[in-house]
Amino acid sequence: MIDTALDFGKIIIADLILSGDNALIIGMAAAGLAPELRKKAILYGMIIAAVLRILFAIIATKLLGIPGILFVGSLLLFWVCWRLFVEIREGIDAQAEHAMEIADNPEAGYTGAPRRTMRAALISITIADVSMSLDNVLAVAAIADGDTTMLVFGLGLAIVLMAFAATLIMKLLTKYPWISWLGLIVLVYVAGEMFYRGVFDINQGVGPMLGLIEGYDLSKGGH
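When we follow our numbering, the leftmost residue of the sequence shown carries the number 6, and every step to the right adds one.
FYI, nobody ran anything at the bench for these hints, they're computed from the structure. Even glycine gets a Cβ: it sits at the ideal position worked out from N, Cα and C. Worth double-checking, as some hints may not be accurate.
Claimed, not checked - What follows is a set of in silico ranges between Cβ atoms, one per label pair, in the way DEER data are often shown: (1) Y194 - I218: 18 to 26 Å; (2) R124 - G14: 38 to 46 Å; (3) I207 - V165: 35 to 43 Å; (4) V77 - K45: 33 to 41 Å.
Given the sequences, and given the hints that come with them, work out the whole structure.
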């Protein structure tokens, strides 16, 4: 019970801190559009991000059963942690907050005739969303560890936060930077745990698979 509550807590923190770069990209792309197109760009950007998260979640659920994938996933998650560390150092949350506020304000940002098409804005949002949705799904899938309810909760929360509370979250993370650092520590821990299982787990670890070690049963039931 306590383990489950802790896992849900980890997912909430991961969703909070990983929504920052998504908000920045969507906000910046929308802010460059004429005011009448911005709301649509933000809405479509959120929908694209939501669809990508669902697709990646389906793929991740299928992939996580493949021997050796935990090891590869842990390395990817360490890379996500490094990117997040760089973003915290560069104050990405404050930039995201500013970009979202400009995009929401018809009198701020670019206010002339449309100089950039909605299609161009959505292409740049989609390209960025692919990477960010993958980060988010990877983190949530690692914490959920095969628990479908937890995975659905994590992705649902990420989509809701992005759609309704992006600017609010950016304000919160800008005002209290320790939340971002706490989130980074949580993700490093999750990546470390995933790496350990990816090396030593008797069913999925690369160690036993390559015949280097005997391995241990590190599945949730085998603790």
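So, going through the hints one by one against the coordinates:
{"no.": "1", "hint": "Y194 - I218: 18 to 26 Å", "verdict": "holds, 23 Å"}
{"no.": "2", "hint": "R124 - G14: 38 to 46 Å", "verdict": "holds, 40 Å"}
{"no.": "3", "hint": "I207 - V165: 35 to 43 Å", "verdict": "holds, 38 Å"}
{"no.": "4", "hint": "V77 - K45: 33 to 41 Å", "verdict": "holds, 38 Å"}
Violated hints are absent here; each numbered hint is respected by the structure.
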